[in-house]
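Trainee: From first to last, the protein sequence lines are chains D and V.
Under the numbering used here, the first residue of the first sequence carries the number 1, and numbering increases by one thereafter.
Under the numbering used here, the first residue of the second sequence carries the number 471, and numbering increases by one thereafter.
Some clues are possibly wrong.
What the hints assert, rightly or not - Residues on chain V that point at chain D, a partial pick, calculated with CB under 10 Å:
hint: 1; residue: Lys518
hint: 2; residue: Arg750
hint: 3; residue: Asp757
hint: 4; residue: Glu887
No lab work stands behind these hints: they were computed from the structure.
For every residue, glycine included, the Cβ atom is placed at its ideal position computed from N, Cα and C.
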Amino acid sequence: MYRQAHYDEDFLIDYNTGSDYLLEEENCDLPENMKRKSLKLPNLRSFDVSRHYTKLSEMNYSVDVGMYPLGSCTMKYNPKYNDYIASMETFTDVHPMDYGMNMQGSLEIMYNLQEYLKSISGMDCVTLQPSAGAHGEFTGILIVRKYFEMRNELNQRNEIIIPDSAHGTNPASASMAGFKVIEVPSDENGLIDLNALDAAVSENTAAFMITNPNTLGIFDDNILKIAEIIHKNGALLYYDGANFNAILGITTPGIMGFDIVHFNLHKTFATPHGGGGPGSGPVAVKSFLKDFLPVPVISKNEGGYFLDYNVKNTIGKVSSYYGSFAILLRAYSYILKNGNDLKKNTQKAVLNSNYMADQLRKYYTIPYKKLKKHEFVLSTENTGKRALDISKFILDYGIHSPTTYFPLIVKEAVMIEPTESSTKKEMDFYIDVMKKAAFMDSDAIKSYPINTSVGRIDEVKAARNLIMHW
Amino acid sequence: MNDDELMLKSLAMGTFDDLFSDIPEELRVNMDIGKPLSEQKLIEKIKKISGQNVNMVKFLGNGIYDRYIPHLVDEIISRNEFLTSYTPYQPEISQGILNALFEYQSVISDLTEMDVTNSSMYDGFTSLGEAVRMAYRVNGKSEILIPENIYRAKYEIIKNYVYGLNVKFVEYGFNKNGLLDLDDLSSKINDSTSSIIVENPNAFGLIDENAIRVREIKKNALIITYYDPISLGILKPPGEYDSDIAIAEGQQLGIHMNMGGPLLGLFSFKKDYVHKSPGRLIGLSNDKNGNKAFVMTLQAREQHIRRAKAMSNICSNQALLAVAATAYLSILGGSGLRNIASITVNKSKKLKEKMKSIGINTVFDGINFSDNLFHFDKIDILKKKGIAGGIKLSDITYMNGITDASFFSVTEKTSNEDMDYLAESLRGF
Ligand SMILES: Cc1ncc(COP(=O)(O)O)c(C=O)c1O
């Protein structure tokens, strides 16, 4: 039986064992009005810091412990060789403003990664600068904006179309970059409704932002028609690469007709999610958008690799420096290590997802087309229980619940992405737990979870009586 | 049959290809990115590449600093329980990271003496962009006052972040001592001013006495202070001089330089603005048994609920590095941080003396924190001598008027020998 640790652990500030970080006492001259009067920081031994975090870590679930099928998040195994590589001092100690000649190794990694991402996506040029998927979206939409600005069409093209199944970051990024967001409904198969799209597209359309397979895990085989509708209108087609794990090695956004793509390296390319980040969200474009990429891009000439600021109509910068190097490095070594076998990961991820969907169909409604890609969405409505209650019940078995209440177009949605890392045995157990959940008494289920560090949390209280500081 | 075959069979499928029958032939590709490698080969290849990086004596800073990182910090953030988890969408099973992020919010709020700190942003520069957007949401006004010496990269990023808003930038200047010019700034503040970006230490590297006096002239504008987190070991914190939003790059707090990424955006503000703020917030509540319990709170501000009307598009953030920063500050404690900050100021002073002794003077008199601006532009000599440093002011700011000025930066790791070597190398040039 699963039982997560629970400690009544003090806050760091409540320890008072005295810092043992030896530093010689030093003072400096400052004008009186600039001086800090008092500073309240934790004051404890390193050993206590170590124990504190060890205890907290025991109260945290992770993919290294068990299945973590959060839909849309691609929680796969993060190979440890990557962490070793990312800890090499030859990489960690590089200052971003050092001479180019001193960072040839790091630049080579970035250059090679750009090349890999081009091949994998079927696109022509890449920037590694964005810090996460949403940041990549924002960067991509800034490129859309600049493109139309240069064509003197920006005043007119001020709308971005997004399907109602889209992730929240899509409309948020489009709106942050100054566009009006137009939502189009999905059709009865969960796909883009071509008629609705036709009706929504106009001379005001700047871009259409989608992911394929979509957030229901369904591949839209109308994609070439969609691309035609968008391009005929003079607008651009944007690919949210969060679902790349479904297509890597099988097809590419390039061949599907997309103009701009972002990757989530922390999903598809196995870099650790770090309790919420850091991630990395490179953006790739077709060659006609090359001149708009943020600077610098990484280029190569006879002299070696260099930070190339020569991008004619660049949107400027989107990150402080050149991107999340330590994440880029891990993604690069993952691709280099696996090579063409990455396609096998895709196949396995899709097999796992279809297997789970097929088994769970017996207990839950799984709307839309039968054949899924790397993830699928079920509804708990038929069980008379809420997705929330089902998800809390699952936790009690030492497995992480799926994503819930997303996408918004499925009622009581549960979105499952097993990834290639899940074994049949693990999935069978998971299916079994979900079966139990389906047949649980609707009231009794509300008392779960029981075996996690804490039970159900009063979220309303947290929002009403805001405490965000110890 | 192996497991894969069993699963295919249960799906009534013969091969993996059947799983992709929905992808039209014309969209299929033949990916060729090379054969897989053994781990041993991989490491050999990567080591060979990394061997091309060269580590010179460094006087580099201007935002990223080579500070000493206690091993315990790396140890903590290498724990798989933190490293391989994700955003705590299921708080009951994720109390560890939630607790750690709550402590991060607390420790940064204490450091800055601000009311609230969110649980991390991408980096310092993008946080500044988000701060300007937040100020605009608070007061809807259109003018942003910005220091004329601000790093170009910061300015460009802020411009990108407000691309969609109806705002304009007004630059204010610095006096002959390199400090914020209060008269100039004051003359530019009016009813349309949304926010005033103030840097302390300022972009010349100077501890700026005028920065803390902006409150006297701000009228109804919001003050956005960009600070150096190490400097707060000794300097008056932004909360004490009425900053509405306080922003910093947190790399110095236990995060390796890594060529400038990933970084950590520190984002703090007055509590009145919490509903207009970007990013994730961790709140304290209790579970149904009365145990102390943490959750992500005020999520209705965020993209997954508010979509196009969200306060920001940020989703994945820099959580793990926020844990690193908390561990770093806890290991050092208040006295440790004060000592490191004092050492930094004293090393800057020593560097200025040594440079002066060979005839290289600072552009401004004043107290520098880490970055020191000298009349010097012979970068080629540095390169030949194996010294990395000498970032030209005109390369990283719009201050094209001062053409012969370069920065040399120090941290507690800068040794006397390094400084002597620099001075010896530049003697006579
Ligand atoms: C479909 C989709 N798009 C975009 C994003 C945003 O990515 P990130 O969290 O890296 O900013 C996500 C992440 O959860 C996603 O699932």
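Trainee: Checked against the structure, which of the hints given earlier come out wrong?
Mentor: 4
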